[in-house]
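Student: Here's the letter readout for the chains.
Protein chains: 4
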Amino acid sequence: MKVTVLDLGYVEFIEAWGTGKAGGVERLQREDAVDYEVGIVEAARQSTQGSFKGWDEDMGLMRTLFNHQANQSTPFEAAGMTIEVCAPIMVFREWHRHRTQSYNEASARYKPLEADYYRPNLLNLLERSVVTTRNKQAQTVTSARKLTDKDAEDWLTCLDDLYAYAEKFYQLGLKMGVPKELARVGMPVGHFSTMRATANLRNWLGFLTLRLDEKAQWEIRQYAHAVNELIRQYFPHTHQLFWEAQNGA
Amino acid sequence: MKVTVLDLGYVEFIEAWGTGKAGGVERLQREDAVDYEVGIVEAARQSTQGSFKGWDEDMGLMRTLFNHQANQSTPFEAAGMTIEVCAPIMVFREWHRHRTQSYNEASARYKPLEADYYRPNLLNLLERSVVTTRNKQAQTVTSARKLTDKDAEDWLTCLDDLYAYAEKFYQLGLKMGVPKELARVGMPVGHFSTMRATANLRNWLGFLTLRLDEKAQWEIRQYAHAVNELIRQYFPHTHQLFWEAQNGA
Amino acid sequence: MKVTVLDLGYVEFIEAWGTGKAGGVERLQREDAVDYEVGIVEAARQSTQGSFKGWDEDMGLMRTLFNHQANQSTPFEAAGMTIEVCAPIMVFREWHRHRTQSYNEASARYKPLEADYYRPNLLNLLERSVVTTRNKQAQTVTSARKLTDKDAEDWLTCLDDLYAYAEKFYQLGLKMGVPKELARVGMPVGHFSTMRATANLRNWLGFLTLRLDEKAQWEIRQYAHAVNELIRQYFPHTHQLFWEAQNGA
Amino acid sequence: MKVTVLDLGYVEFIEAWGTGKAGGVERLQREDAVDYEVGIVEAARQSTQGSFKGWDEDMGLMRTLFNHQANQSTPFEAAGMTIEVCAPIMVFREWHRHRTQSYNEASARYKPLEADYYRPNLLNLLERSVVTTRNKQAQTVTSARKLTDKDAEDWLTCLDDLYAYAEKFYQLGLKMGVPKELARVGMPVGHFSTMRATANLRNWLGFLTLRLDEKAQWEIRQYAHAVNELIRQYFPHTHQLFWEAQNGA
Numbered sequence: 001m002k003v004t005v006l007d008l009g010y011v012e013f014i015e016a017w018g019t020g021k022a023g024g025v026e027r028l029q030r031e032d033a034v035d036y037e038v039g040i041v042e043a044a045r046q047s048t049q050g051s052f053k054g055w056d057e058d059m060g061l062m063r064t065l066f067n068h069q070a071n072q073s074t075p076f077e078a079a080g081m082t083i084e085v086c087a088p089i090m091v092f093r094e095w096h097r098h099r100t101q102s103y104n105e106a107s108a109r110y111k112p113l114e115a116d117y118y119r120p121n122l123l124n125l126l127e128r129s130v131v132t133t134r135n136k137q138a139q140t141v142t143s144a145r146k147l148t149d150k151d152a153e154d155w156l157t158c159l160d161d162l163y164a165y166a167e168k169f170y171q172l173g174l175k176m177g178v179p180k181e182l183a184r185v186g187m188p189v190g191h192f193s194t195m196r197a198t199a200n201l202r203n204w205l206g207f208l209t210l211r212l213d214e215k216a217q218w219e220i221r222q223y224a225h226a227v228n229e230l231i232r233q234y235f236p237h238t239h240q241l242f243w244e245a246q247n248g249a
Numbered sequence: 001m002k003v004t005v006l007d008l009g010y011v012e013f014i015e016a017w018g019t020g021k022a023g024g025v026e027r028l029q030r031e032d033a034v035d036y037e038v039g040i041v042e043a044a045r046q047s048t049q050g051s052f053k054g055w056d057e058d059m060g061l062m063r064t065l066f067n068h069q070a071n072q073s074t075p076f077e078a079a080g081m082t083i084e085v086c087a088p089i090m091v092f093r094e095w096h097r098h099r100t101q102s103y104n105e106a107s108a109r110y111k112p113l114e115a116d117y118y119r120p121n122l123l124n125l126l127e128r129s130v131v132t133t134r135n136k137q138a139q140t141v142t143s144a145r146k147l148t149d150k151d152a153e154d155w156l157t158c159l160d161d162l163y164a165y166a167e168k169f170y171q172l173g174l175k176m177g178v179p180k181e182l183a184r185v186g187m188p189v190g191h192f193s194t195m196r197a198t199a200n201l202r203n204w205l206g207f208l209t210l211r212l213d214e215k216a217q218w219e220i221r222q223y224a225h226a227v228n229e230l231i232r233q234y235f236p237h238t239h240q241l242f243w244e245a246q247n248g249a
Numbered sequence: 001m002k003v004t005v006l007d008l009g010y011v012e013f014i015e016a017w018g019t020g021k022a023g024g025v026e027r028l029q030r031e032d033a034v035d036y037e038v039g040i041v042e043a044a045r046q047s048t049q050g051s052f053k054g055w056d057e058d059m060g061l062m063r064t065l066f067n068h069q070a071n072q073s074t075p076f077e078a079a080g081m082t083i084e085v086c087a088p089i090m091v092f093r094e095w096h097r098h099r100t101q102s103y104n105e106a107s108a109r110y111k112p113l114e115a116d117y118y119r120p121n122l123l124n125l126l127e128r129s130v131v132t133t134r135n136k137q138a139q140t141v142t143s144a145r146k147l148t149d150k151d152a153e154d155w156l157t158c159l160d161d162l163y164a165y166a167e168k169f170y171q172l173g174l175k176m177g178v179p180k181e182l183a184r185v186g187m188p189v190g191h192f193s194t195m196r197a198t199a200n201l202r203n204w205l206g207f208l209t210l211r212l213d214e215k216a217q218w219e220i221r222q223y224a225h226a227v228n229e230l231i232r233q234y235f236p237h238t239h240q241l242f243w244e245a246q247n248g249a
Numbered sequence: 001m002k003v004t005v006l007d008l009g010y011v012e013f014i015e016a017w018g019t020g021k022a023g024g025v026e027r028l029q030r031e032d033a034v035d036y037e038v039g040i041v042e043a044a045r046q047s048t049q050g051s052f053k054g055w056d057e058d059m060g061l062m063r064t065l066f067n068h069q070a071n072q073s074t075p076f077e078a079a080g081m082t083i084e085v086c087a088p089i090m091v092f093r094e095w096h097r098h099r100t101q102s103y104n105e106a107s108a109r110y111k112p113l114e115a116d117y118y119r120p121n122l123l124n125l126l127e128r129s130v131v132t133t134r135n136k137q138a139q140t141v142t143s144a145r146k147l148t149d150k151d152a153e154d155w156l157t158c159l160d161d162l163y164a165y166a167e168k169f170y171q172l173g174l175k176m177g178v179p180k181e182l183a184r185v186g187m188p189v190g191h192f193s194t195m196r197a198t199a200n201l202r203n204w205l206g207f208l209t210l211r212l213d214e215k216a217q218w219e220i221r222q223y224a225h226a227v228n229e230l231i232r233q234y235f236p237h238t239h240q241l242f243w244e245a246q247n248g249a
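Chains as they are written, first to last, in our numbering: chain A, 1 to 249; chain B, 1 to 249; chain C, 1 to 249; chain D, 1 to 249.
Not one of these hints is a red herring.
Same chains, same names: a pair is fine if it fits in one copy or spans any two.
Below, a list of computed lysine-lysine pairs in the DSS-like style, where the Cα atoms sit at most 30 Å apart:
| hint | residue 1 | residue 2 |
| --- | --- | --- |
| 1 | K175 | K111 |
| 2 | K215 | K53 |
| 3 | K168 | K146 |
| 4 | K150 | K168 |
| 5 | K215 | K150 |
These aren't lab readings, by the way, just hints derived from the structure by calculation.
Next up, chain A with everything else stripped away, as it sits in the complex (with noise of 0.2 Å):
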């Protein structure tokens, strides 16, 4: 499962687990799937050393972690998820701050990077042109004039432009025998790189809460998103828990 992400990014599935004894292998070759969510059950039953018993029965357990959480969420620490993301440096510098995962990332000192470059869409740029003055966060700054169509075509053109340079820049520094790890110094913010990133279920859950906050910022709430698909593909009863919470159901 691959989720596309800003044009030239996206988000794929690599691995779960959370199978614990009785969703795994057994269950596989009895019903041909493996069950992802089973190891959070067991692990909860831990305390009071019993085992899964299906879903019909275990949903309400579940349920009782899940709003309890503040108690007794670390079952949800025996599932988890290893996932590849490609996506602008700038949204990396904001994933990296949940000190939680698991980074693998591309290095620049390595490898010389790939041409591959963020442009905003230009209508997404004119809405949130407007809709900013509700988010401080993302607002304007004062003195700034009202964004204009031309305007806005004008600065991705420009942007355009910068990112030609930079790369024609960058590829100069490589020919002429710049180190690698030096060469980068000019690449813009918007340049997309490459990671791994894993975590237990908890901590993607906790990287949602925050992510798909409408305060985040529209780039990276797009692969929250995205991550968010893949939570609802394999962990099915967990997703739908959290996503009674973030409704209010």
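Using the hints, position chains B, C and D against chain A.
Tutor: This is chains B, C and D only, laid out in the frame that chain A set:
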């Protein structure tokens, strides 16, 4: 895979991950087995946009990762393992100081405790009372006499009595109507408890480094040896590198 | 500042930090007191390149930080506190599950243990055997009879005997030449131990949120109340916001 | 104490802690100075219920703690330091991978960015293009020619142009009404940013171990040297042990 430890205790394998993209489902269909270490290589290759090439070639990469561990060990966070552990409370007290694992322990607040207690082995007891003259942390007090066979036997008999009393006292409290969470107040730290523990491979190796060390208390060292067996089984390439490092190879 | 808890236990203030640049040495010379919360404001202002302006103005910023906590609570990691705690092992067992604190506990492997044991109060015991009908986690077992005054008194007398036996057994082992680390195997979890605990303010608040909760076991709740007093003393502005949030103000 | 790094950047000491009970206020009244390492000894002594005895005697304890670090380094979590750092984004990108520090970085979403950019030094550039033949991570690409003085000068001039263009583009966006969070999309990773970073002493030493290493990128190594100076100043005993370990003494 389940390894018996301290007679009544055990370490049981529940689940592993780290297959990445190439070591999981596809490989299962092709080779009838998953490979829990492919994800480590894939995560490392993220740095150079490559992928798994087979162990003949990639064991060299693994060795580089492992030996430059300080700098490059994050790929070992892309794999991990959940186990179930049954051990005396005194062992859990040491184990839980490892703050990078996720724990779900059976709670005496929810369900009455089992009647299993740790009884040290006579020979082991005698040996340790000698060995410990070289190991400050495990030494006897300075005013102690030399432990004789007779004294050791007597002491173990007294321990049996103490356990019997503690168990009777616990059952008495429960019957009288003392809340479970309080009825346990007299429970000795030699009492067995059960938990699930989850950690990534990097942190399991950290656990082993500390707890396989001869300065670690003998009891938790037996559990470390059992965890070590699981690592050898499910992460053989990493285990070999770990073993070489431990033995100065 | 030292608060007595559970008769023989205590929580003692050792040290706090969070003065930032403007709340420390310079302020000490000017006002004869440091301010451990200025560093929080300075850290937050880092986002806008400003600095501390005085509490009249900056309490509003603190409130914003606190209420949008999910997104902006990192400034509360710029302050912190070290305390010394003396508590029964059963309390430490719960406490140590907070993996964001740093612990240094007195080790029974190094030095013989003190002879202090936790004896629940008779009235408290009787009250809790009633209250607990509403609190699943603290309930009595289903087969229990109603705890009477007489039974409670008898049970406490038995506990005294158990403690006396355990202490005698411990001393016997030490004298006979049983290694210290093993002599403790019969020590009840009601035995007192001592530790230093260090955490940043964000994590202390997380500790309080969980352990002031009425679902937390009564014993650790008393310790949380003591920590709460220290927070009130050394971080008054943060404490006020925390108090308001706890009380739905 | 403020150390200039990379011409326009700096590392500035904000605050330290670790005085414990005996190294703080009381000592200040007596000796007109606090001692930020007494808390480490007190925390370690917690294991043996003792307290600080003066450095003549306690340096031996510190050495034992430090050398058996794997097992006993938690006392170094009882001290710590907050600093302010001004560095290029490319340095922050590496720095933020240290997940045990607390960061508060100036946000381009709140306030327009300053116009400071990192311009590598000509001589340094020439040296590194040679040295890097031995350091894989910092090497030039295989197709590169040998960096000449002329090429290096030209490349730096192009960098100046790129920075000038990027700055103009940024200001243009702000003026046109592009939201601040988006206007920064073309900002090169050589642009300076500012943050506060807080960590305990154990984690600062971990940072230094990795970033003083000659395999670390030259730029972040300069920051590590500056942090090293602060550690030497405020934690002299720990620093001496660290220095001895680094130099195989």
